[in-house]
Structures are given as C-alpha cells and as structure tokens.
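Student: Next come the chains, spelled out residue by residue.
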Amino acid sequence: MEMASRQIVAFGGGGFSMESGNPLLDDYVLGLTRSERPRVCFLPSASGDADHYIVRFYRAFSAHRCEATHVSLFRREQGPSDLRRHLLSQDLIYVGGGSVVSLLGVWRAHGIDSILREAWEAGVILCGLSAGSLCWFAEALSGFHGQPRRLRALGLLPFSNCVHYERGSKRGEAYHGFLREGMRGGYAAEDGAALHFRGEELSRVVASRPQARGYRLDVAGTRVVEMRIATTYLGDRDAPPAAPLPEALSTAPAA
Amino acid sequence: MAAARGLSAATPVRRILALGGHEFSSRPADRAVSELLLRLAGEHGGERPRICILPTASGDTSDQIASFYTAFSERSCEPSDVSLFRLGRRPLALRDHLLAQDLIYVGGGSLLNLLAVWEAHDIASILSLAWRQGIVLAGQSAGAMCWFEAGITKSSGKPLAAAGLGLLGGSLCVHYNNEPERRAAYLDAVGDGMPGGYGLDDHAGLLWEGEGAPAAVTARRGARAYRVSGRNGKVAESPLPARFLAAPAPAALREDIAEFRRIKTMRKRAGWLG
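First to last, the protein sequences are chains A and B.
Numbering of the first sequence is given in my numbering, commencing with residue 1 and proceeding in unit increments.
Numbering of the second sequence is given in my numbering, commencing with residue 1 and proceeding in unit increments.
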C-alpha cells in the first residue's frame with residue numbers, strides 16, 4: 001500500500017490567532033485538504049483551552065466552509081469520548097499558540113502525542129502557529145517564559161525550530177547560540193511565514209505578508225549558516241512558483 | 001523572606017488544608033472557607049499574609065482567577081496568581097515567588113493536566129520545599145487530591161483512580177456525596193487495593209498540622225469528612241467529628257460598618273471644627 005502523504009504546515013506566527021482579517025494562511029491549510037467541506041479540529045491545549053480562543057477559532061473556521069470541532073483536554077467530560085478516533089477522522093488538525101512546555105506536558109498525559117503521530121502517518125494534515133509549530137519538531141526554542149529555552153518536542157520532523165523569528169529579536173540571537181552549542185540545524189519562520197513539509201522534507205514556504213520569510217539554519221564547524229528561503233506570498237495570485245532551493249543569505253561568525 | 005516570618009520554631013510545622021469543594025463566592029459556606037484560608041495564611045505570615053493561587057488545573061481560566069481576587073483583594077492580605085499558561089505575557093521568577101508566599105492555594109479542574117503541567121514546569125519540587133518550609137498548602141477538588149498518593153479524577157471523563165504528588169499518604173476522594181458516581185468509583189478502587197484515605201463533601205475539609213491525624217472542619221451543615229479504609233476487599237466508611245466554621249459577616253456588611261464609622265468620625269470632626 002502506498003504511504004499516505006504526510007504533511008505539516010508550521011507557522012512562525014499568523015492565521016486567525018494573530019492576523020484577524022488576513023485569512024491567507026488559514027485558507028492555505030484548508031486548501032491542502034482537497035476537500036469541499038474539510039473536517040478541522042482545533043487543539044487549544046497550549047492556551048489552557050482558553051474560551052475566547054476557542055470562540056475565535058469557530059468564527060474563523062465557520063460552518064459554511066468546514067466542519068469544525070475542538071478538543072479541550074481540561075474539560076474532557078464535554079468533548080468526544082474517543083479522542084483517537086476523533087482525531088484520526090480529521091482532514092486537518094490545527095494547534096493553537098501558548099506555552100509549548102505546558103502543551104507537551106498535557107498531551108503526554110492524555111496520550112495525544114502518539115495519536116498525532118498516527119494521524120500524521122495516516123495523512124491528516126497537521127498545522128499550527130507558535131507553540132503549535134514548535135511541537136512538531138525534534139527540538140524547539142521556546143521564548144514563552146522570558147529567557148529563551150531549548151527543549152525537546154514531538155520529533156515528527158528531525159530538525160530544530162524557532163518561531164516569531166523577527167529581525168534583531170532575542171530569539172534569533174538565542175537560536176544561533178544554541179546551534180553553536182550543539183542544537184541540531186533546522187528552520188525558523190517570521191510572523192506571517194509558514195513552513196510546509198511533505199514527509200520530512202521542506203516542500204515550500206508560503207506567507208500571508210509580502211515580506212515574511214522562512215530560514216534554514218545549519219552549523220558548519222563553529223559557524224552558523226543562515227539561508228533565507230524563497231517564499232511564496234499567498235496574496236498575489238500571479239506570483240511565480242517559488243524556487244525549490246534555499247538561497248544563501250548570510251553566514252554569521254561564531255561568537 | 002516570608003518563610004522566616006511568623007513561626008519561630010526551628011522545624012516549621014507542615015500544613016496542608018484539603019477541601020472537598022467550594023467556590024470563592026459570597027455564599028456563607030464559601031465565605032467561611034475563604035476566612036479559614038486567610039486565618040491559616042495569617043498564622044504564618046502575620047497581618048498581611050501573601051496568598052497565591054495556582055489555577056493550573058483549570059487551564060488558568062479567568063473565572064477562577066477573578067473569583068479568587070474578588071474574595072481576597074479587599075481583605076488584609078497580598079493575593080497573587082501564578083498562571084503557567086500566561087507567563088508569556090507576564091514573566092515572573094516562579095520559584096522565588098512561590099517560596100515567598102504564606103499560603104499557596106491550588107484551584108480545581110483536571111488532576112491529570114495539573115500534574116502533567118507541573119511536571120513540565122518542575123513545580124512539584126518547589127511545592128514540596130514550600131511545605132517543608134512551613135508555607136501552608138491548600139486547595140479544593142483536584143487542588144486537594146494532588147497532595148495525596150492517589151485520588152479519583154474525572155480528567156478523562158469517567159471517574160478513575162489517578163496518582164498525586166504523595167506529600168500526604170493514602171488517598172482522597174472529593175465532592176464525596178455531591179457526586180455519587182465518584183464516591184462509588186472510590187469505594188470500588190479502595191476495595192480493589194488502592195490505599196484507603198478520606199472522602200470529603202463540598203464545604204468539608206481536613207487540616208494537617210505537623211504529624212498525626214488531621215482535624216476535620218465543615219462550613220455547611222451536613223457536609224462531612226469520612227475516613228475510608230479497606231481490608232480484605234471490604235471497605236469501611238465512617239464520618240469524622242468536624243469543627244464548624246461560621247461564616248464571617250459578608251464584605252458588603254463590613255463595608256457598611258466601615259462607612260458608618262467614617263461618617264461618625266467626619267461628623268465628630270465637623271462638630272469639633274465648629
């Protein structure tokens with residue numbers, strides 16, 4: 001049997017959580033499902049299942065274009081009783097932002113981590129922003145609790161990941177530092193940019209803002225090599241397809 | 001340091017208040033529970049004790065945090081909250097903040113998620129240290145069962161046995177006669193070999209102070225604490241004598257009294273001024 005297409009779309013930041021009025025990234029992930037009325041499940045675990053966040057999800061993913069549900073791990077008595085079955089029956093699983101440390105803790109407690117791997121392998125598209133992006137990678141840089149921290153995540157994608165990778169941010173500096181200390185190479189995305197993986201390979205970078213970019217970071221000896229990846233702006237229908245290979249941008253010397 | 005305030009004994013008394021269930025509302029039984037929390041905090045921290053809520057088990061809901069502040073913000077104490085899901089917007093030194101408290105209160109919700117998130121943030125070791133330093137630990141529902149070896153949680157929907165931190169030996173079942181299916185699951189679990197312990201109705205509590213048996217308290221007539229023990233598959237359940245906690249005057253009434261005194265003083269002054 002042919003293996004289902006495994007897909008993850010990791011937003012550096014953006015979508016309904018951060019870009020009200022700009023549905024480009026959310027439309028993009030919905031489009032990937034190739035379904036007229038895709039089944040979309042929201043996992044707001046990283047926010048502690050905040051009510052206002054769940055409401056915003058249902059407004060953005062309205063019933064006329066998809067069949068939206070959410071799973072609240074803090075109120076299990078209200079949701080679907082068979083979590084595994086529910087998640088495996090989705091076209092798209094959308095993970096919200098918040099604390100990635102708390103997210104991973106709660107997921108492990110409910111066995112969600114292994115269900116999501118299973119869903120990914122079965123062809124359910126996984127996506128999310130911020131904590132909902134970091135979670136898919138082997139290693140992540142979390143800047144949620146003040147000082148940036150390096151942590152292990154689910155490891156579906158064998159790379160490191162850094163979100164909200166804005167120019168001159170503390171996160172960028174910290175990410176370079178961790179890479180020099182031995183963190184594995186990986187990908188960073190600015191707000192509005194999303195990394196689309198097919199299998200474990202980066203397929204393309206798309207963006208909801210013309211200037212938003214994704215980056216590939218590697219360590220060569222003691223140097224961090226950062227490459228900006230050609231990005232497709234989703235707002236311009238006439239945009240030519242992005243070049244498949246990253247273009248070299250800069251090499252930052254070791255500190 | 002708050003830990004050094006209050007008790008002068010060389011070895012601090014370890015105190016935990018486990019509550020079967022309550023809210024921070026203006027109802028008399030709820031006010032009586034808040035009063036007990038304030039008194040316990042004051043015994044450690046003096047006139048203006050520090051009280052911190054950990055609303056983790058609820059996912060840090062605004063409702064739980066707001067009701068806590070409503071109950072304590074106009075009392076003589078310094079209330080604060082540690083919301084692990086919201087630290088991004090408000091970073092703080094977790095360990096320092098928690099160890100500077102006189103009482104740490106843990107709110108209700110999902111026991112499973114509470115312990116998972118605490119483990120991810122390494123909170124359990126801080127709470128254990130706080131307890132050994134004499135900081136009062138308290139909580140209701142999931143926030144009460146977490147201190148025991150085991151409890152009965154509905155974190156996954158149906159009531160099921162789950163492990164806690166184990167600062168206190170044995171087990172606890174909350175909302176005891178308020179949720180009959182939870183009590184039934186508890187009695188079954190103890191019959192099947194889960195360590196025995198206690199059942200607590202809503203508005204009943206157990207206070208551990210140092211070594212020895214806990215003292216039962218109740219803020220509502222009919223709310224009770226039970227000792228539950230199993231032997232050879234049989235389970236025995238017996239109610240414990242409990243001290244009644246009277247509700248203090250409601251906040252509104254206290255304000256009326258204060259206002260009356262202010263007016264009286266003003267009148268006196270006005271008279272004196274001529």
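It should be emphasised that the hints constitute simulated quantities derived from the structure, not laboratory data.
Think of the CB as a built atom: it goes at the ideal place given N, C-alpha and C, for glycine as much as any other residue.
Hints should not be assumed to be uniformly reliable.
Said to hold, decoys possible - From the structure, some residues in chain A lie toward chain B, with a derived Cβ separation under 10 Å: (1) Glu77; (2) Leu83; (3) His86; (4) Asp91.
Claimed, not checked - Computed spacing ranges between beta-carbons, pair by pair: (5) A:Gly168 with B:Arg90: 51 to 57 Å; (6) A:Arg108 with B:Asp188: 23 to 29 Å; (7) B:Leu160 with A:Arg152: 25 to 31 Å; (8) B:Gly166 with A:Arg59: 56 to 62 Å.
Unchecked claim - Far from chain A, some chain B residues (derived; all Cβ distances over 10 Å): (9) Gly42; (10) Arg48; (11) Asp60; (12) Ala66; (13) Ser76; (14) Phe85; (15) Arg86; (16) Pro91; (17) Glu119; (18) Arg227; (19) Arg243; (20) Phe244; (21) Ala247.
Student: Does each hint hold? Answer for all of them.
Tutor: Going through the hints against the structure:
| no. | hint | verdict |
| --- | --- | --- |
| 1 | Glu77 | holds (5 Å) |
| 2 | Leu83 | holds (9 Å) |
| 3 | His86 | violated (13 Å) |
| 4 | Asp91 | violated (25 Å) |
| 5 | A:Gly168 with B:Arg90: 51 to 57 Å | violated (23 Å) |
| 6 | A:Arg108 with B:Asp188: 23 to 29 Å | holds (27 Å) |
| 7 | B:Leu160 with A:Arg152: 25 to 31 Å | holds (28 Å) |
| 8 | B:Gly166 with A:Arg59: 56 to 62 Å | violated (44 Å) |
| 9 | Gly42 | holds (31 Å) |
| 10 | Arg48 | holds (28 Å) |
| 11 | Asp60 | violated (5 Å) |
| 12 | Ala66 | holds (13 Å) |
| 13 | Ser76 | holds (31 Å) |
| 14 | Phe85 | violated (4 Å) |
| 15 | Arg86 | violated (8 Å) |
| 16 | Pro91 | violated (4 Å) |
| 17 | Glu119 | violated (6 Å) |
| 18 | Arg227 | holds (28 Å) |
| 19 | Arg243 | holds (34 Å) |
| 20 | Phe244 | holds (33 Å) |
| 21 | Ala247 | holds (31 Å) |
Figure legend: structure checked against the earlier numbered hints; hints not met, in rising order: 3, 4, 5, 8, 11, 14, 15, 16 and 17.
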